[in-house]
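Chains A and B, in that order, are what the protein sequence lines are.
FYI, this note's numbering numbers position 274 of the first sequence as 274, with every residue one higher than the one before it.
FYI, this note's numbering numbers position 125 of the second sequence as 125, with every residue one higher than the one before it.
None of these hints come from the bench; they were simulated from the model.
Treat each hint with caution, since some may be false.
One copy or two, either will do: identical chains are not told apart, so a pair holds if it fits within one copy or between any two.
What the hints assert, rightly or not - In silico lysine to any residue, SDA-like type, Cα no more than 20 Å apart, as pairs:
(1) K16 / L43
(2) K176 / I15
(3) K455 / E37
(4) K395 / A249
(5) K76 / E418
(6) K352 / T505
(7) K176 / D518
(8) K32 / A372
(9) K76 / E443
Number of protein chains: 2
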Amino acid sequence: MALSAAYKEIIEKAIKAIHERNFYAQYPEHPKAYGEEAPAKGLETYNEQLGKPFIGLLQQNPVAWIGEEISPYTGKPLGITYPSFEVDTLIVRAGRAFGEWKKVSVEDRAEVLVDALERVKNRFFEMAYATQHTTGQSFVMSFQASGPHASDRALETLALGYEEINRFPSAVTWEKSMGKTTVVLQKQFKAIPKGVGLVIGCSTFPTWNSVPGLFASLITGNTAIVKPHPKSVYPIAIVVAEIQAALKAKGFDSNVCQLAVDSSTQLITKQLAEHPLVKLIDYTGGSAFGNYVESLPGKVTFTEKAGVNSVIIDSVNELKPVVQNLAFAVSLYSGQMCTAPQNFFIPAGGVKQGDTVIPYEEVKKALVDAIAGIAGHAQMGPGTLGAIQSETTLKRVNSMKEVDVTVLLEPKAVANPEFPEARTCSPIVLEVGAHDVGVYENELFGPIILIVKTKDTNQSVEIARQMAEKHGAITFSAYTTDEDTANMIFDELESVFAPVSLNLTGMIWVNQHAGFSDFHVTGGNPAGNASFTNPEYLNKRFVWVGHRRV
Amino acid sequence: MALSAAYKEIIEKAIKAIHERNFYAQYPEHPKAYGEEAPAKGLETYNEQLGKPFIGLLQQNPVAWIGEEISPYTGKPLGITYPSFEVDTLIVRAGRAFGEWKKVSVEDRAEVLVDALERVKNRFFEMAYATQHTTGQSFVMSFQASGPHASDRALETLALGYEEINRFPSAVTWEKSMGKTTVVLQKQFKAIPKGVGLVIGCSTFPTWNSVPGLFASLITGNTAIVKPHPKSVYPIAIVVAEIQAALKAKGFDSNVCQLAVDSSTQLITKQLAEHPLVKLIDYTGGSAFGNYVESLPGKVTFTEKAGVNSVIIDSVNELKPVVQNLAFAVSLYSGQMCTAPQNFFIPAGGVKQGDTVIPYEEVKKALVDAIAGIAGHAQMGPGTLGAIQSETTLKRVNSMKEVDVTVLLEPKAVANPEFPEARTCSPIVLEVGAHDVGVYENELFGPIILIVKTKDTNQSVEIARQMAEKHGAITFSAYTTDEDTANMIFDELESVFAPVSLNLTGMIWVNQHAGFSDFHVTGGNPAGNASFTNPEYLNKRFVWVGHRRV
């Protein structure tokens, strides 16, 4: 076995893209790129899977078959069950598989993993439906996020891992001249993997957020146990099944990658995370559990927790495209993205537009109208907002009405003709003052927008910086036509390691982080300690060991 | 200002060497390479400094002048005093300097830091005397370790930091075709430094162990406070003074790098380490304090603590060169190297030499005789063993006589005609059984050798592996002529991330880790969490932040 020319080319193109950081996609995001029959075939496979055990995994002798997924669109259980295992079984199998996998060359590991991605590609449409009906994302978003975008990000870590391990020669003849004699040593440099990795998934982005860590652990020679959110198993189960199939096809132990399904009433995450053989943990989810993960002794952790994402509006060329862009950014998947903006800082003195100043009240109204416009748009609304993944999010939105602040826009159900039973909710928009830190310093996950009236842009920046420092920020959006103000914003936000998106309008939104180019989460503030995908994300997963012999 | 062609060439050669991992030295280790007059000039400068304040630093307004260095060779105080400062003064100056330094380009930072190394080169001989009379190293070792070898390791981190920061483009025009339109974004990728770094030095290798972290922090845009061991200040004070001179020469704030001298009775290390503005800590020293450093919340730490280094003798081509090599390895600087072997595992059934078996007792005797031979050799002894840095080490050696185990070789003073008052001590060699884990599992810093009689090589390897896993190992030495046994040893020691040196004889010893080639400490076992110099050593010191604008 070796790395085939075709797969090597894929990896080399990916490495080139990582270094160029321009646009690149190995897996096209347009559904049409996958052939005319693919969507219908995907739907058929999805429908056939409903109500049945998921039999695609190669994990033997489960203790039970469990599943509790419910479609946010239909309100009905998917009825799919997955094999469940004792924690000890998972660990023992992962440990045994590690003994073999750690000795496999990075070329052979790459061959298996690119093969797995190519297999996953054939199931993008099934995954899209699986994602839609577990997360509540729209179909198109489900397709793109769980399919091509996730696979691109997986390929990105795979390629960077391949590069990192090949960065130093595996063998060198070291020669040191000592005058009359020469000392000669044969040296070997080995990237030794850390051990068993645990990947803890979330309910809203079951593959996009999990495959980077999964492929990063696997390419560097670690084995992986994937523990999905019990309400969002199906999409990542497909990925694990295809990795196992690719492993088996090349003659490797399929337990190199295992799925560890649990139930909401009997979670096994802590048992897995605390097990001494688990050395690496990738985590996406809430901050409280993320902080627990980071605190575990003897583990290398890669977390994406929550942040408070801010928008600053200082000055604009034209207000309309700005509020349209922002309204779309907050409406997309009803704000259930870790990258969605939450706090909008607008100066009391208004916003400069060319030579005029638009008063604060008008800016506010324009933004609220734009948000209401999308939610109320019969065609655009349901497809943009999707459905609400969990009842908790819906409750959070409604509870905001009880907070003693001005409600600028009431949340409403969003009529979805295709799915009349869908759990939907348009954004609630609230208005607070700069002093209301107790309200806006919370990450209010879901379609909750706070407009914060500030003294001026300096105060906006200062508060946004503090929020990022104290609570983390994954994205930050600013609008200014003044270059000095722009530089001040870059400086201030850099000091808390938050990336700035400046003056976005049109077909690009602050929520989007493109594979091979944008770092997703910087790892420098409380929103998370890792970044898709910087070199640290790979080289923390193995240890360079150098042997010498005469 | 920019990076000059000459300095750029130095960096590019270093980067090439890092990737080739063959022998490379920017700074020759032969004293003769520095001209005929250099040694005498160095001694003169050293002698002039004795008994006087060290005035080369650019740090203003000290609260006191303090110093407590004592020569292990003469037993007399050096009488040199250094400026001392309040912790808050050091922090405020480091923080202010950070505001400027973080914005300096990596090219300009490299210009300053290579310039600093070139300045340090002119003081190698003064540093050699300074090192000899604070650490107790022999003159030649002092010269090589504190001078060229340390500077090479500093250049190694500097070059790798330069490469890491230049790994991604600082600006990119990102273009994504969306069918009829194209989205264009201007992206910036910035390596944002973490903040103020603290470098905590040790008494035995005041520059070699500290300059890698120091230059790593500085090249990545952090500022640094260097807190040396109060008994070993002079050598690193020279380095800090030259960094400050190089900073000043290029118009930068010299507080980018500060020396923080304290006294044994009033240590400021914890105050500095726990300060919230200190984000990075480089540490060399004992395990207890190292574990404290690693446990500090909110800090990125790079530690080299202690390990229990083992030697396994299974089979040899010829025993004599083996025991000679090992005897030298343990005698060099009287075992006061973190890389020196301590536990020698020899099978009870003896050691195969070609077709014969040398009985255990004979192997033991050969080893003890070789060690005694070096210590008792009038010419070779004093220069190899040097002096004992601290009284505590001497006490530890003598206390070993009280342990109820067989003493195979009594420690003795080593006559040094040049320094009759030198604090010296030849190695004590003790014999224990495999069951005496309570004795050999301790790191016994200094000239203390334990011969452990094992059942067979499998037991030797198993115990050595356990020691490395539980207590850490920086080096590991093995002798076997059997390829299967060699592979088994590589496998077992890799599992605890310990590097193996196999069958070393002649002019190369397990203690030596060559810059640009050998990783010093792997970071994978309790001997330390960092490695000179893997990419993690650099990229943990900064955060990639990507800005986007229309």
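Hints, verified against the model:
no.: 1; hint: K16 / L43; in the structure: neither (35 Å within a copy, 54 Å between copies)
no.: 2; hint: K176 / I15; in the structure: between (34 Å within a copy, 18 Å between copies)
no.: 3; hint: K455 / E37; in the structure: neither (57 Å within a copy, 69 Å between copies)
no.: 4; hint: K395 / A249; in the structure: neither (47 Å within a copy, 63 Å between copies)
no.: 5; hint: K76 / E418; in the structure: within (15 Å within a copy, 90 Å between copies)
no.: 6; hint: K352 / T505; in the structure: within (17 Å within a copy, 77 Å between copies)
no.: 7; hint: K176 / D518; in the structure: between (44 Å within a copy, 13 Å between copies)
no.: 8; hint: K32 / A372; in the structure: neither (31 Å within a copy, 80 Å between copies)
no.: 9; hint: K76 / E443; in the structure: neither (29 Å within a copy, 63 Å between copies)
Violated hints for the displayed structure, listed by number in ascending order: 1, 3, 4, 8 and 9.
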